[in-house]
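Colleague: Sequence:
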Amino acid sequence: MPELPEVETVRRGLEPFMAGARVKKLDLRRDGLRFPFPPDFAARIEGRRLTGLGRRAKYLRASIESGETLIMHLGMSGSFRVEDGGGSATPGAFHHERGKLAAHDHVVFVLDNGKQIVFNDPRRFGFMDLVRSSELDSCAHFHKMGVEPLGNAFDAQILAEKFAGRKTPLKAALLDQSLVAGLGNIYVCEALHRTGLSPRRAARTLADRKGRATPKAAALASNIRDVLNQAIASGGSSLRDHRLTDGSLGYFQHNFRVYDREGEQCPTVKCGGVIRRMVQSGRSTFYCPNCQK
DNA sequence: AAGCGAACCTGGCTGC
DNA sequence: TGCAGCCAGGTTCGCT
244 MPELPEVETV RRGLEPFMAG ARVKKLDLRR DGLRFPFPPD FAARIEGRRL TGLGRRAKYL
304 RASIESGETL IMHLGMSGSF RVEDGGGSAT PGAFHHERGK LAAHDHVVFV LDNGKQIVFN
364 DPRRFGFMDL VRSSELDSCA HFHKMGVEPL GNAFDAQILA EKFAGRKTPL KAALLDQSLV
424 AGLGNIYVCE ALHRTGLSPR RAARTLADRK GRATPKAAAL ASNIRDVLNQ AIASGGSSLR
484 DHRLTDGSLG YFQHNFRVYD REGEQCPTVK CGGVIRRMVQ SGRSTFYCPN CQK
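Take any residue in the first sequence, count from 1 to its spot, add 243: that is its number in the working numbering.
Keep in mind the hints are simulated off the structure, nothing from the lab.
One should not assume that every hint holds.
[What the hints assert, rightly or not] Below are the DSBU-like pairs computed for lysine-lysine, each with C-alpha atoms no more than 30 Å apart in a straight line:
#, residue 1, residue 2
1, LYS410, LYS459
2, LYS453, LYS405
3, LYS410, LYS358
4, LYS343, LYS405
5, LYS268, LYS343
6, LYS387, LYS410
7, LYS343, LYS358
8, LYS513, LYS459
9, LYS358, LYS459
10, LYS343, LYS267
11, LYS459, LYS387
12, LYS453, LYS387
13, LYS358, LYS268
14, LYS536, LYS513
15, LYS405, LYS268
16, LYS358, LYS267
17, LYS410, LYS267
18, LYS358, LYS387
19, LYS453, LYS536
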């Protein structure tokens, strides 16, 4: 499901309830998701206060007053929802006595503010992990991670430097999380179309002989920022699984120009091309062969 | 080193 | 109605 805009949408939905709340109970409905939960997972969180909820690329990061950080990834089909919890301070008045859990509800955070946060993930490609907060950026999940596309460091020059010398197609380079972190299949297709760049073009062509950014690199960096910000403002894209934490749907999918629009007219003014689908490194790429060069 | 394809898992849709 | 086949927003592993 989720690329950067969807994860950011989830973060904004969860933050008002999670940040500052104490976890009364962490209910694990199975032994793990994509990976087993870390040792003593529930015990390291229960009774502790969450001090903030951040995001890096497609990862959510909840800091805990213990000095650890809870890392959460939604995989392809993960979602969170916020519910009213036991409704009282009565010990044991937890969700599972209220019969509200659905299929694939794997993790429930029961909070001291009367809310409970439920993680649902049918495909179980998501995962959760705990690391020392002081080692967050050097831990296995993040130490090789590329530049944050909505961060201050992201611009045409860093894009050119990352892509310099790479023969791999632009589509694959933009999906490589060790170069730019947070883009996925949808927003790569959309950003390339907005920039008039072919997904097949070699990544190194965005740098000139001296390694400087070409005008196309500048336009691509700008379009990446724009499409991500516009998607966040729309609550992300809901194709099948993505939901906001209040259960509502994102609506940026109505603004797709090429993704999942094979056979439709290219929306570029005066282009007249037809959107096509091809497969690159096992993933669908949607593009206009007429205006993307 | 870089660049593919396969694997992980479930559900929804299409076509016979 | 049933069933086989294909497809899906991500990441990681293993083989060229």
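Colleague: Does each hint hold? Answer for all of them.
Modeller: Status of the hints after comparison with the structure:
1. LYS410 to LYS459: Holds. LYS410 to LYS459 sits at ~17 Å (cutoff 30 Å).
2. LYS453 to LYS405: At roughly 14 Å apart (the allowed maximum being 30 Å), LYS405 and LYS453 satisfy the hint.
3. LYS410 to LYS358: Given pair LYS410, LYS358 is violated - Cα atoms ~50 Å apart, limit 30 Å.
4. LYS343 to LYS405: violated, 47 Å
5. LYS268 to LYS343: Holds: LYS268 and LYS343 sit about 16 Å apart, inside 30 Å.
6. LYS387 to LYS410: holds, 20 Å
7. LYS343 to LYS358: Holds, because 13 Å separates the two Cα atoms, which is no more than 30 Å.
8. LYS513 to LYS459: holds, 20 Å
9. LYS358 to LYS459: Answer violated: LYS358 to LYS459 is near 48 Å, above 30 Å.
10. LYS343 to LYS267: holds, 18 Å
11. LYS459 to LYS387: Holds, at about 26 Å.
12. LYS453 to LYS387: holds, 26 Å
13. LYS358 to LYS268: holds, 11 Å
14. LYS536 to LYS513: Measuring from Cα to Cα gives roughly 16 Å; hence the hint holds.
15. LYS405 to LYS268: violated, 44 Å
16. LYS358 to LYS267: Distance of about 10 Å is within 30 Å: holds.
17. LYS410 to LYS267: Violated: LYS410 and LYS267 sit about 52 Å apart, past 30 Å.
18. LYS358 to LYS387: Cα-Cα ~35 Å, so violated.
19. LYS453 to LYS536: holds, 22 Å
When held up to the earlier numbered hints, the structure conflicts with 3, 4, 9, 15, 17 and 18 and fits the remainder.
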